[in-house]
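Colleague: Model the placement of chain B on the given structure of chain A, informed by the hints.
Letter by letter, the chains look like this.
2 protein chains.
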Amino acid sequence: MNNAPTQTRAMAPGRQKLLDAAFGLIREKGYVATTVDELCARAGVAKGSFFHHFKDKEALAIAAAQHWSEATGAFFAAAPYHDHKDPLDRVLGYIDFRRSILTGEIPEFTCLVGTMVQEIYDTHPAIRDACNSSISDHAAKIEADIAEAMKRHKIRARWTAKSLALHTQAVLQGAFILAKAKGGADIAISNVDHLRRYIELLFRPRTHKERTTP
Amino acid sequence: MNNAPTQTRAMAPGRQKLLDAAFGLIREKGYVATTVDELCARAGVAKGSFFHHFKDKEALAIAAAQHWSEATGAFFAAAPYHDHKDPLDRVLGYIDFRRSILTGEIPEFTCLVGTMVQEIYDTHPAIRDACNSSISDHAAKIEADIAEAMKRHKIRARWTAKSLALHTQAVLQGAFILAKAKGGADIAISNVDHLRRYIELLFRPRTHKERTTP
Chain A
1 MNNAPTQTRA
11 MAPGRQKLLD
21 AAFGLIREKG
31 YVATTVDELC
41 ARAGVAKGSF
51 FHHFKDKEAL
61 AIAAAQHWSE
71 ATGAFFAAAP
81 YHDHKDPLDR
91 VLGYIDFRRS
101 ILTGEIPEFT
111 CLVGTMVQEI
121 YDTHPAIRDA
131 CNSSISDHAA
141 KIEADIAEAM
151 KRHKIRARWT
161 AKSLALHTQA
171 VLQGAFILAK
181 AKGGADIAIS
191 NVDHLRRYIE
201 LLFRPRTHKE
211 RTTP
Chain B
1001 MNNAPTQTRA
1011 MAPGRQKLLD
1021 AAFGLIREKG
1031 YVATTVDELC
1041 ARAGVAKGSF
1051 FHHFKDKEAL
1061 AIAAAQHWSE
1071 ATGAFFAAAP
1081 YHDHKDPLDR
1091 VLGYIDFRRS
1101 ILTGEIPEFT
1111 CLVGTMVQEI
1121 YDTHPAIRDA
1131 CNSSISDHAA
1141 KIEADIAEAM
1151 KRHKIRARWT
1161 AKSLALHTQA
1171 VLQGAFILAK
1181 AKGGADIAIS
1191 NVDHLRRYIE
1201 LLFRPRTHKE
1211 RTTP
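If you read the sequences in order, they're chains A and B. Start counting the first sequence at 1; every next residue gets the next number (my numbering). Start counting the second sequence at 1001; every next residue gets the next number (my numbering).
Here chain A stands alone, though its shape is the one from the complex (with noise of 0.2 Å):
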């Protein structure tokens, strides 16, 4: 969830800064790593403004989770796979899109909130809660388009269209983490790929023996 434009509706601008500024540090060397001082300064902004908009640093990553989600919802919900007319192609193309966009360096493509949730997951519920919104409401996107190609496709499985949802998340945040521990982006993709194959091999038609076995 990355390389999205994160400026989605008026905000004040120290706000909107502070939140730009989390997206990176965050992102850059986490949470606890990240403090007030830097945040501030990445912004620009004094530190009296930020206890203006925010009443600490856990606030501040509870609205950055919450901007993040209203951003990248925005970004993706504008990308070119939705035209699909197949909600297979949507899915696939889902998939294709986030392939598309890991370039750059690490902090730009990888995910604020599985970044936050690793480290506070049981220190700060809050912000915990916070991210698997995040993660979860995207997720229930592409479940819409994953329960529709079921359907289309005639597949009854002992899978959901939610579970595939959601592993879709994990191999890409578990690829973030590969991208970080190999230092670039390529294992990503390759992650990618292989996610990309799984789903067509869900969705590839049977042989007649395999549809016929119980």
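Everything labelled a hint here was simulated from the structure, so no lab data went into it. As the structure is a computational prediction, the values presented were derived from the model and not from experiment. Check before you lean on any hint, since a few could be wrong.
Said to hold, decoys possible - Here are the simulated DSS-like pairs of lysine-lysine, each with C-alpha atoms no more than 25 Å apart in a straight line:
hint: 1; chain 1: A; residue 1: LYS47; chain 2: A; residue 2: LYS57
hint: 2; chain 1: A; residue 1: LYS57; chain 2: B; residue 2: LYS1182
hint: 3; chain 1: A; residue 1: LYS182; chain 2: B; residue 2: LYS1141
hint: 4; chain 1: B; residue 1: LYS1047; chain 2: A; residue 2: LYS182
hint: 5; chain 1: A; residue 1: LYS17; chain 2: A; residue 2: LYS57
hint: 6; chain 1: A; residue 1: LYS162; chain 2: A; residue 2: LYS141
hint: 7; chain 1: B; residue 1: LYS1085; chain 2: B; residue 2: LYS1154
hint: 8; chain 1: B; residue 1: LYS1017; chain 2: B; residue 2: LYS1085
hint: 9; chain 1: B; residue 1: LYS1162; chain 2: A; residue 2: LYS182
hint: 10; chain 1: A; residue 1: LYS162; chain 2: B; residue 2: LYS1182
hint: 11; chain 1: B; residue 1: LYS1047; chain 2: B; residue 2: LYS1017
hint: 12; chain 1: B; residue 1: LYS1151; chain 2: B; residue 2: LYS1085
hint: 13; chain 1: B; residue 1: LYS1154; chain 2: B; residue 2: LYS1141
hint: 14; chain 1: A; residue 1: LYS85; chain 2: A; residue 2: LYS17
hint: 15; chain 1: A; residue 1: LYS141; chain 2: A; residue 2: LYS182
hint: 16; chain 1: A; residue 1: LYS85; chain 2: A; residue 2: LYS162
hint: 17; chain 1: A; residue 1: LYS151; chain 2: A; residue 2: LYS141
hint: 18; chain 1: B; residue 1: LYS1057; chain 2: A; residue 2: LYS141
Modeller: Just chain B now, with coordinates in the frame of chain A:
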């Protein structure tokens, strides 16, 4: 990589206790949030003992990643899936084994090195390299079985054994993130089930038409 006994060979007790404390604390709250004082308290050793064994917290983290590799390496080496004759059964047995250890509390079944690299990939390159070695060395063991399975089952593919082995690690790492977001192991298990299904589909005998398609 988890639920593993951590004692692998003779080691000074203070050092062993500090590494065990790092395994616990870093998986609970991340690397940056974990302090030397907390590590000493959890380990039940004096601060002098910490600095006798480690130059600083970064040196401990590097040693912890290396010890993680040794401890989990011994744990997986002793697992029953190696007994299968067919290398594909060993690969699927590995996945089933990973699924079977997704129990207990989140810090018990999540990954030390995946948690660290998410935060410190840019700020602590030496820790990142130790984390990458841990993930990559573990993947190489699975790669060997996948490569043998591809040969045995005459799989000619556009994907490589290495990329599929790394994909198993990406799915696991992403599954841990979703478990943290959602507060339990169930979603991780669901993702491992998707991974198993993918590997089964990759190795499923193809129809005549598929085989002869260039």
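Colleague: Run every hint past the structure and note whether it holds.
Modeller: Each hint tested on the structure:
1. For the suggested pair LYS47/A and LYS57/A, the alpha carbons sit about 12 Å apart, so the restraint of at most 25 Å is met.
2. For the hint pairing LYS57/A with LYS1182/B, the CA-to-CA distance comes to about 22 Å; that is within 25 Å, so the pair holds.
3. Between LYS182/A and LYS1141/B, the direct Cα distance comes to roughly 18 Å. Compliance with the 25 Å bound is thereby established for this hinted pair.
4. With a C-alpha separation of about 34 Å, the suggested pair LYS1047/B and LYS182/A falls outside the 25 Å cut-off, and the hint is violated.
5. Among the hinted pairs, LYS17/A with LYS57/A is consistent with the structure: their alpha-carbon atoms are about 14 Å apart, no more than 25 Å.
6. Between LYS162/A and LYS141/A, the direct Cα distance comes to roughly 10 Å. Compliance with the 25 Å bound is thereby established for this hinted pair.
7. Distance hint between LYS1085/B and LYS1154/B is fulfilled; the C-alpha atoms sit about 16 Å from each other, no more than 25 Å.
8. The straight-line distance between the Cα atoms of LYS1017/B and LYS1085/B is roughly 39 Å, outside the 25 Å bound, and the hint therefore fails.
9. Among the hinted pairs, LYS1162/B with LYS182/A is consistent with the structure: their alpha-carbon atoms are about 14 Å apart, no more than 25 Å.
10. About 14 Å separates the Cα atoms of LYS162/A and LYS1182/B, which keeps this hinted pair within 25 Å; it holds.
11. Between LYS1047/B and LYS1017/B the alpha-carbon distance is near 13 Å, which keeps this suggested pair within the 25 Å criterion.
12. A threshold of 25 Å between alpha carbons decides the hint, and for LYS1151/B with LYS1085/B the separation of about 14 Å falls inside it, so the pair holds.
13. Between LYS1154/B and LYS1141/B the alpha-carbon distance is near 20 Å, which keeps this suggested pair within the 25 Å criterion.
14. Between LYS85/A and LYS17/A the CA atoms are separated by roughly 39 Å; this puts the pair beyond 25 Å, and the hint is violated.
15. Restraint check: the Cα-Cα separation between LYS141/A and LYS182/A comes to about 30 Å, which exceeds 25 Å; the hinted pair is violated.
16. Restraint check: the Cα-Cα separation between LYS85/A and LYS162/A comes to about 21 Å, which is no more than 25 Å; the hinted pair holds.
17. Restraint check for LYS151/A and LYS141/A: satisfied, since their Cα atoms lie roughly 16 Å apart, inside the 25 Å limit.
18. Between the alpha carbons of LYS1057/B and LYS141/A the distance comes to roughly 42 Å, so the proposed pair goes past 25 Å and is violated.
This entry does not satisfy hints 4, 8, 14, 15, 18, going by the numbered hints stated previously.
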